[in-house]
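Colleague: Here's the letter readout for the chains.
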Amino acid sequence: MARMKFLCDAERCIECNGCVTACKNEHEVPWGVNRRRVVTLDDGVPGEKSISVACMHCTDAPCAAVCPVDCFYTTDDGIVLHDKDLCIGCGYCFYACPFGAPQFPQQEAFGVRGKMDKCTFCAGGPEEDNSAAELEKYGANRLAEGKLPLCAEMCSTKALLAGDGDEVADIYRDRITKRGGRPETWGWDTAYKKSDV
Amino acid sequence: MRAQTITRKPRSRRRIALVTVALSLLLAMALPLTGYIAHDAGLAWAQSDDAEKEAVNSRSEYWRAVRQGTEGYSSVSGPEAGVLIQSGGEDWRNLRSGPLKFFGGSLLIAVLIAILVNHLVRGKDMIDSPTGRKINRWSGFDRALHWYVGITFIILSITGLSLLFGRALLIPLLGKEGFAAWAQLSKPVHDYLALPFIVGFALMLLIWIPRNFLRSHDFAWLKSVGGIVGKDHHPQAGYMNGGEKVFFWILFFGGIALMVSGFYLLFPNLGWERETMQLSHIVHSASGLFLIGISLGHIYLGSIGVEGVLEGMVRGEVDEGFAKQHHNLWYDEVKGVAPPQEGSAAPDVSGATPTT
Amino acid sequence: MKLIKKRDLTATETNSVASNILGSAVDRRTFLRRASLGLGGTAVAATLPTTMIQRAEATSAVGAEGDTEIRKSVCTHCSVGCGVVAEVQNGVWTGQEPDFDSPFNMGGHCAKGASVREHGHGERRLKYPMKLEGGKWTRVSWEQALDEIGDKVLDIRKRSGPDSVYWLGSAKFSNEQAYLFRKFAALWGTNNVDHQARICHSTTVAGVANTWGYGAMTNSYNDMHNCKAMFFIGSNAAEAHPVAMQHVLRGKENGAKMIVVDPRFTRTAAHADQFIRIRPGTDVPLIWGMLWHIFENGWEDKKYIGQRVYGMDEVRAEVAKWTPDVVENVSGVPGADVELAAKTMAENRPGTIVWCMGGTQHTIGNNNTRAYCALQLALGNIGVSGGGANIFRGHDNVQGATDLGILSHTLPGYYGLAEGSWKHWARVWDLDFDWVKDRFDTGYVDTSGDVEGGDAAVPFANPMNSAGIPVSRWVDGVLEDSRLIDQRDQLKAMFFWGHAPNSQTRGPEMKTALETLELVVVVDPYPTHTAVLPDRKEGMYLLPAATQFETYGSVTASNRSLQWRDKLIDPMFESLPDHTIMYKLSKKLEFSDQLFKAIKVKNDEPLVEDILREINRGMWTIGYTGQSPERLKLHMANKHTFNVTTLKAEGGPCDGDYYGLPWPSWGTPELKHPGTPVLYDTSKHVADGGLNFRARFGVERNGVNLLAEDSYSKGAEITDGYPEFTADMLKQLGWWDDLTAEEKQAAEGKNWKTDLSGGIQRVAIKHGCAPFGNAKARCVVWTFPDPVPVHREPLYTSRRDLVDKYPTYEDVKSHYRLPTRYGSIQAKDYSVEYPLIHTSGRLVEYEGGGEESRSNAWLAELQQEMFAEINPADANDANIRDGQWMWLEGPEGGRIKIRAMITPRVDRGVVFTPFHFGGWFEGKDLLDKYPEGAAPYVRGEAANTAFTYGYDSVTQMQETKASLCKIIAA
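These protein sequence lines are chains A, B and C, in that order. If you count the first sequence from 1, position 66 lands on 262 in the working numbering, and the numbers rise without skipping. If you count the second sequence from 1, position 52 lands on 75 in the working numbering, and the numbers rise without skipping. If you count the third sequence from 1, position 512 lands on 520 in the working numbering, and the numbers rise without skipping.
It is worth saying that the hints were derived from the structure and are not from the lab. Hints may contain errors.
With a straight-line Cα cutoff of 25 Å, these simulated DSS-like cross-link-like pairs (lysine-lysine) come out [claimed, not checked]:
#1 K575/C - K608/C
#2 K519/C - K813/C
#3 K739/C - K752/C
#4 K608/C - K374/A
#5 K836/C - K310/C
#6 K647/C - K343/A
#7 K758/C - K354/A
#8 K80/C - K354/A
#9 K758/C - K605/C
#10 K656/C - K354/A
#11 K575/C - K310/C
#12 K157/B - K147/B
#13 K265/C - K354/A
#14 K545/C - K144/C
#15 K343/A - K280/A
#16 K347/B - K254/B
#17 K519/C - K932/C
#18 K358/B - K347/B
#19 K974/C - K836/C
#20 K545/C - K354/A
#21 K445/C - K758/C
#22 K246/B - K347/B
#23 K354/A - K343/A
#24 K374/A - K236/C
#25 K519/C - K575/C
#26 K343/A - K80/C
#27 K236/C - K692/C
Note that the coordinates shown come from a computational prediction; the quantities given were computed from them, not determined experimentally.
The following block holds chain A by itself, in its conformation from the complex (with noise of 0.2 Å):
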């Protein structure tokens, strides 16, 4: 069974917010929602690496693990996917992530936030494939169109991977064969290989 994933070359990432424009574009995400953001570490001084983050769609997902309402599910192939009809708006699911990947739309008193919303790795929600109640809650699905998500497809400089788990580990071990290094990448272990509990 196929597991997509979400990798991020951070030898090749140029922070150049491709992945984030094309996220909004694609899914009309509204201001101050960000499904996907790039951070750069030890900014200024060598050694500086940038990282273009949204949600890993995680294996063990934590966010799914906290919701109260259970409104998260994963796909047949492997994408963490939720529920905003079900969604309270309650927060956990930002508190547990480790990717800060939750967003609210808002963010005001009285612990309103409206509906969770989240990288969908472009495969739209619960909601019939392509449906109008999906396109509005969640975006596009492209990934029932045969595409894939658009800030891989868009990213500047071929950093950011998505697809079959399988395919961008090849993908990443042959540049990595090239460059004659490790393979070490951000985050795959911590969102895809990690069992604990």
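Position chains B and C relative to chain A; hints supplied.
Modeller: Below, chains B and C without anything else, positioned relative to chain A:
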């Protein structure tokens, strides 16, 4: 994406629910041990690191440091957008799904069992010799305050517990949609009721402080657990007995923790970091659970556990027999036998002691 | 980059997926549109204009179930030329897909490219023609606006002559619009026409063209896959040309060593093998320092220099002065770093050099660019794949607009302004030369000799043949004493046709200039900084232009490839394509018949293909002649057949062509020249895209041969250097009879540049020769102020101790019609009061003046405030905390209120500001001065408000990379 949840919805929801409950229980029991596991695993990693140090490239070291939550730059503005990985979430999740649920749940169950056992074994604590004469115990204001706080507390407890245990307990009963509907009601109710509750609760705690300073006879009361242990079945007690005073101080300090942590949770717009929210959540849940637990005892003792208590809080007056039996010092004081106790409710002797 | 494995797609399945996309996308996009209307409640959605709703309603009226069409365009935000694939439904741009077929970007986009669809929302566009009436913007009709503007400029023409109207064009034009604009200005009768290239790469074009013939990127982004070394100086490709980094990093992964030289630790530097931090404005010392090691160790390519380079010995003499300790003292770069860089470049050949604004925007910009060339020539790196001077241009069509001559010193195709050039173009335009000449003012000679005395006429050169005022100096064209300006009168009217003034320096003076002009006209999709900067009550018009996504035509990427853009959507609101506006205005100004003599006009819109064909007929110098509309369209339809490293089509209908027919594509389209992927590459036949250095500077100087020696392109029948081809030369060579009868008729008395039949070029190529001759590149440009590049301190320098040794130029009385100051400014020491070096650059989210990108909600969200990067030490000295408001003040008094960003990206003593912000002036948000609903989401101080005087000695490039400033907590 239409997922398998849709297809499995009608058939196996109950089975899943059962499995979920079973798993939750299992996990709840197992989780307290994970600290050791994680610790060991950490050691194991560290050891293998040492062994591999030569072979490991600098990149992995780099990312390991990042794993500790190093903050970077991001042009996306948002709460902690510059943090790549936060580890606090894992600790929080482990605490919440483990010890918090386990000990919190156990506490509630234990209290209920204790109540049940007590009720079965000892039965209702009746007034030994009711006189029919009433004396005023709770003023109208006290009673209004008590019931206001009590009712809001109960609502907050139910809605709060729903968020913690609803997934395990209520989803099997109500179904996901049903529970989500309930939770969607619960959350705003909990959030919007919080401030009214805080106002009342804080007021109550403040004005009741004088009555609840512990005195020497209170320790004797506590030593005999209100007369359950030892020979003296009716240890001395003033306006409030030792147990009630202890309950009060638990409410006082637990309440502060509850309210302060709740305040943080209530205002995510003030820009708290996740760590603050996680800590607040644990403190809030733990203090809440504890207060709910002892409040169960309070409710039991105040209603069917001890005759006459409820009457006092409903009508404001109690039978003299009740007063003599449970609050003899206060009774004496009201009757003018003993000097007034500090902080006792202003004894209205004339009004409180109807002749004949 | 399809990585789907879940259902291993077979060929038929792939097709069905494709048809699914088309089928299902109908629903999807309909709803997407709905979703964008329905998702209210946010800051942006709250301001959703009614126009957008009207637009959506209009489309649904056409039919709810319109088919989704795929249309292709090219990103408008930098010169990489990324393909944009648009899904359009019922005239609404509903989706954007990656263009995997484009060999330039292979689907990739940066933040700007990935958000171009937002331009299809256009919420913050200038929607209608507007007129300033009593200080308020009032909506007017196109007819009224053009009528009033036309009357006014005709009146100014009558009073002050045609040179008092300034036509400021744009690098955002398509090639056809750019050409038309230059022709428009010519037929109006002035050379006061210019565009962004003046302030971006003019020093490159001048420096490079004067070194080896053509002023353009020699290789291509894709060719960087073949590099062994990459030397970036003053280029932050990761932010300015992000998709170029795809090729750069591929080259790096292929083993290339990457060196980045910059005052700032940029995102590009983060990927470098070696980062060299220099003091701003010390490029020449660094390059000469590297050459010092190269010469010292004998690493130069002696054979190459002997065959193909003139004047290296004079460079050697200058370089000898730049010993490692001198270099370190002046540039701040430790000797070992310089040596390492030199060694890396010497040991890893071919290596390329990349430079951008960091090198060009200096008073000695032309020295910098020629020094870079000398380095590459010494290493033998020019004319080879993997080497070259990869000069990354800035805007999507700044290369094309430069080639097509929206410049005050030349006609299209770098023909210059000589009478012969005008005659050539008059022939192409099929106009009588004398008619064209009569459109111009005539220069005249003062006979009174009384220059000081009042209104006495001052002599000035013939305006038709003298370079006009450059965009960098239009402020002086307005404010300078008219007797000191080399034309009849000051500038009285300005057309800002796709150009924001916040990209030019000296903000306070600019504000005064904008207030002094009699007429200001902005033709732009957005109101721009121009609309809000001046405090005016009237005499100002805003005309809404369509974006490039709303029209069609060709665009030239940095690597000289032309791409054809489809029209994605109709012009929004009341906007019109630029060429339509030009037509309407020329009609009002009564020269539309001449302007469009050979161009069909339908419904007021000139036919773009006809304009390109006219370009093809005249642009022989740089080979813009083979790129017919038909060939370009064929390339666009077959993008996938081009190799992504060589850019050569492998099979298919374009077999053998290079993608986009990178110029020169010699001869007529019928010759089917494939374009030239690498300039001066002698390993290929000229007919296959080979070349050698151009014979542009004569054949001999001081008795030294300037032609190539024993070096020639593959298959050349003349196996040595040769001058440029003329009709006479063909006769001497006995090749005259290779011409057809018609060609002979056209070619008689002409040369390769002026023969409109293309016969001379055809025959030269037939014999394997480059039409422009075969000469040496020159390291000594004897016509420039500094024949061999030398270092000169910036006008505002913090190193006063170096001024004596490296002084700037003497003041110049007239350069590009204006007095230009150098020494008189440098003479005063500002470094005590203004101790910090001020430099500027790009952010990845924005482009240029930034009005367009700051009006794009998806981009604006990422950079919401103007800031300055300050080293922690300087911040502590000034007692400024991170994120705090502060004032940055330049030595000429321009001050800006901005946020402090405290970061080690900049060195101690250097302050960096991004130049994309506008809409504020000296601490004040000018929001209320925008027409309603047309203010960009993000506004901020223009960095250039605080930048200072300083212009390149050859091209009048403005100095924005090395000035001074002080910072004060606000």
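Colleague: Work down the list of hints and note, for each, if the structure agrees.
Modeller: Hint-by-hint comparison with the structure:
1. K575/C - K608/C: 18 Å, holds
2. K519/C - K813/C: Answer violated: K519/C to K813/C is near 36 Å, above 25 Å.
3. K739/C - K752/C: 11 Å, holds
4. K608/C - K374/A: Between K608/C and K374/A the Cα gap is close to 55 Å, so the pair fails against 25 Å, i.e. violated.
5. K836/C - K310/C: Violated, because 45 Å separates the two Cα atoms, which is more than 25 Å.
6. K647/C - K343/A: At roughly 20 Å apart (the allowed maximum being 25 Å), K343/A and K647/C satisfy the hint.
7. K758/C - K354/A: 50 Å, violated
8. K80/C - K354/A: 21 Å, holds
9. K758/C - K605/C: 24 Å, holds
10. K656/C - K354/A: 22 Å, holds
11. K575/C - K310/C: Distance ~51 Å between K575/C and K310/C Cα, so the pair is violated.
12. K157/B - K147/B: 21 Å, holds
13. K265/C - K354/A: 20 Å, holds
14. K545/C - K144/C: Roughly 7 Å between the alpha carbons, so the hint for K545/C and K144/C holds.
15. K343/A - K280/A: 23 Å, holds
16. K347/B - K254/B: 18 Å, holds
17. K519/C - K932/C: 14 Å, holds
18. K358/B - K347/B: 10 Å, holds
19. K974/C - K836/C: The hint holds at about 16 Å.
20. K545/C - K354/A: Answer violated: K545/C to K354/A is near 51 Å, above 25 Å.
21. K445/C - K758/C: Distance ~22 Å between K445/C and K758/C Cα, so the pair holds.
22. K246/B - K347/B: 20 Å, holds
23. K354/A - K343/A: 16 Å, holds
24. K374/A - K236/C: 15 Å, holds
25. K519/C - K575/C: 36 Å, violated
26. K343/A - K80/C: 19 Å, holds
27. K236/C - K692/C: Satisfied, since the Cα-Cα distance of roughly 21 Å is no more than 25 Å.
Of the numbered hints given earlier, the model fails hints 2, 4, 5, 7, 11, 20 and 25; all others are met.
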